[in-house]
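> Line order of the protein sequences matches chains F and L.
For the record, in the first sequence the residue sitting at position 127 is 127 according to the working numbering, with numbers rising by one throughout.
In the working numbering, each number is its position in the second sequence, counted from 1, plus 1000.
Derived from the structure by calculation, the hints contain no laboratory data.
No experiment lies behind these values; they were computed from the predicted model shown.
The beta-carbon is built from N, C-alpha and C at its ideal position, and this holds for glycine as well.
It is possible that part of the hints are untrue.
Claimed, not checked - Partial list, computed: chain L residues near chain F (C-beta under 8 Å):
| hint | residue |
| --- | --- |
| 1 | Val1022 |
| 2 | Val1042 |
| 3 | Ala1047 |
| 4 | Leu1052 |
| 5 | Ala1120 |
| 6 | Leu1124 |
| 7 | Ile1167 |
| 8 | Leu1170 |
| 9 | Arg1171 |
Stated by the list, open to error - Example chain L residues on the side facing chain F (calculated, C-beta under 10 Å, incomplete):
| hint | residue |
| --- | --- |
| 10 | Glu1027 |
| 11 | Val1029 |
| 12 | Arg1031 |
| 13 | Ser1035 |
| 14 | Ala1054 |
| 15 | Phe1061 |
| 16 | Thr1118 |
| 17 | Arg1119 |
| 18 | Arg1138 |
| 19 | Val1139 |
| 20 | Asp1140 |
| 21 | Gly1142 |
| 22 | Gly1157 |
| 23 | Arg1168 |
Okay, here's what each chain looks like letter by letter:
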Amino acid sequence: MTNPRCDQIRDSIPDFSAGRLARAEATAVQEHLDGCEDCRAEAELVALLFAARPPVPAGLAESIEGHVRFRRASGGRPWWGLAAAAVAAVALGIGVSSRSTSEVEDVPAYVADMQGLSPWVSDDGLIAGAPALDGLSDEALETLLDEMAAGGSGGAA
Amino acid sequence: MSDGELVRRAQDGDESAFSALVREHGESVYRTALSMVSDPDVANDVAQETFLKAYRALAGFRGDAAFRTWILTIAANAARGALRRSNRRRETDIDAVPPVASEAASPEDDAVLADEATRARQALERLPEKQRLSVQLRVDQGLSFREIGDIIGSSEGAARVNYFHGIRRLREMMG
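Bound conformation, chain L alone (with noise of 0.2 Å):
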C-alpha cells in the first residue's frame, strides 16, 4: 500500500495504517534525528516525539509533499528543538579534525575496512549541519536533492552543493 493510501487510511482513523506508516519511516527518521542530535538516546526521543507530532498534523496534511519529506522535515526541526534545549552537540572547528590514519595498506583486510568505515563516519560527524544533512539524506536514505533540499529548508541546487561541498571535505579529511 502507498504511503498516499496509508495516509488517507490513518486521516479516517485506522491505526493500523499510522502504524504501518512509523514501521515504514521510522529508521529514516531516526537516522535523520541521529546524525543532527549524535545520541541515540535523543535521537529515539526526538523519533518519538515526531511522529506525536505528525500524528496529531496529519488531518491537515495534503499531500502536497511526498509524506516522507515531510516526516523528515518534522524530524529535523523535531531535531533542532533537542539541541537547542539539551546543547547537546559540541560545536567542533571542522579544521581540528585528526587527520585519518591512510596506512590501510590492505584493502582487503575487514578490520581495516570496518576502521576506515567508522573514521569516515566520524568525519561525517564534523560537517556542518546541511552539508551532514545533505550528505546522510543522499547516501543512507537515497533521498533526491530536491527532497533535501525541502528538508533543509533550500533549494534543490543548494541541496546538491552542500552534498558535494560535504563529500569533498570529507575527502580531504579521510585523505
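If we strip away everything but chain F, and leave its shape as in the complex, we get (with noise of 0.2 Å):
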C-alpha cells in the first residue's frame, strides 16, 4: 500500500527519471525510492519507457515548416487543388506558354512562390472532378476527402 509520501513521490517520478527535477528534489526522491519497494518498481518502468521513447526524424523542423510554406504559397490548397486548378485554366482554353513563371507577368503569386519547389504532380483520376473543388474551404475539403476515403474503402464502381 502507498502512503501520503508515496503519492507525492509517484508525482515525481517521471520528472526524476527524465533528469527534471533540481537536485535536492531529485536527492529526496531517491532516498525514498532506496526505501520503497513498490516506487522504486514504478521507477525503473518509467526510466524504461522514457529511454525507449521513439526517435524523431532528422530533419523534422525542417520538413514542417516546408509544408507549412507550401501550403501557404499553394493559397490554401492541396496539391491536387493546385492541378484542378491548372486543368480549369487548360479547360477554359487559357494558353500554355513555355516561358518560365518569371517571364509571365500576370502569374499568380502562388506560382510564383512555388518555383523551386517540387510539388506532388497528380496521376490519378482526382483531376476529373477536380473544378469544381476549387473554391473549397479547407474544412470542406477536408470532409470531402474523408468521404472519398469512406466511398473507396467500399469499393468503387
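Dock chain one against chain two, each of which comes alone in its own frame, and use the hints as you go.
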C-alpha cells in the first residue's frame, strides 16, 4: 500500500527519471526509492519508458516549415487543388506557354512562389472532378477527402 | 525568448518567430502524434498539418492556454482525424498482450535493458488512448496533469487517474 509520501514521490517519478528535477528534490526522491520497493519498481518502469522514447526523424522542423510554406504558397489548396486549377485553366482555353514563370507578368503569386519547389503532380483520376473543388475551404476539402476515403473503402464502381 | 513573445512576433508576421516555435515544439508534436497513430510517416504528416493549422489560427490565439498546450491539443485532434481517415491503428484487446519475459536476470546487461525498454514501449502502445497519451505526455514530455487534461479533454484529476491506471496496467503487463 502506498502512503501520502509515496503519492508525492509517484507524482515526481517521471521528472526524476527524465532528469528534470533540481538536485535537492532528486536526492529526496532517490532516498525514498531506496527504501520503498513499490515506488522503486514504478520508477524503473518509467525509466525504461523514457529511455526507449522513439526517435524523432532528422530534419523534422525543416519538413514542417517546408510544408507550411508550400501550403501557404498554394493559397491553402492541397496539391490536387492546384492540379485542378491547372486543368480548369486548360479547359477554359488559357494558353500554355513554354516561357518560364518569371517571364510572365500576370502569374498568380502562389505560382511564382512555387518556383524551386517540387509539388507532387497528380497521376490519378482526381483531376476529373477538380474544377468543382477549386473554391472549397480547407474544412470542406477535408470532409470531401473523408467521404472519398469512405467511398473507396466500400469499393468504387 | 518565451513562447508568448514568439507568438506575439509571429502574429505580427515575423516568420522567424514561427520557425522558432516549430523548432521548440515540433518534437513534442511529433511524439504526441506518434503515440496516437503508431506510424512514423503518419505522425510526420500530422506534425506538418498541426503547424499549418496553428499558423492559420495563430491570429486568434489569445494566450489563454500555454502555446504548448494549444499546439499539442491541435496535434491530438489532427491525429484522431488521421486515424479516422486511415484506420491504421488496430484496436487491440489489452488482455491479449503477450506477457513480457521476466527472465532478465542481469539488469547490468545493456542488451537486456534495451529489450525490456522496447517491451515497455510496446506495452504502452496497447493501452487505451487516454491512458497511453497521459503516460506519454507525462513521462516523455513532462507535462503537468492540468496540461494533459486540457489536451485529452478531461479534468486534471481525470488525467491523473488515466496516468496512474496506465502505469499500473503497464506494470501488470511487464510482469
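> Now tell me, hint by hint, if it's right for this structure.
To see whether the hints hold, each was checked on the structure:
| no. | hint | result |
| --- | --- | --- |
| 1 | Val1022 | holds (5 Å) |
| 2 | Val1042 | violated (12 Å) |
| 3 | Ala1047 | holds (6 Å) |
| 4 | Leu1052 | holds (5 Å) |
| 5 | Ala1120 | holds (4 Å) |
| 6 | Leu1124 | holds (6 Å) |
| 7 | Ile1167 | holds (6 Å) |
| 8 | Leu1170 | holds (6 Å) |
| 9 | Arg1171 | holds (6 Å) |
| 10 | Glu1027 | holds (5 Å) |
| 11 | Val1029 | holds (8 Å) |
| 12 | Arg1031 | holds (7 Å) |
| 13 | Ser1035 | holds (9 Å) |
| 14 | Ala1054 | holds (9 Å) |
| 15 | Phe1061 | violated (15 Å) |
| 16 | Thr1118 | holds (6 Å) |
| 17 | Arg1119 | holds (8 Å) |
| 18 | Arg1138 | holds (5 Å) |
| 19 | Val1139 | holds (5 Å) |
| 20 | Asp1140 | holds (5 Å) |
| 21 | Gly1142 | holds (5 Å) |
| 22 | Gly1157 | violated (13 Å) |
| 23 | Arg1168 | holds (9 Å) |
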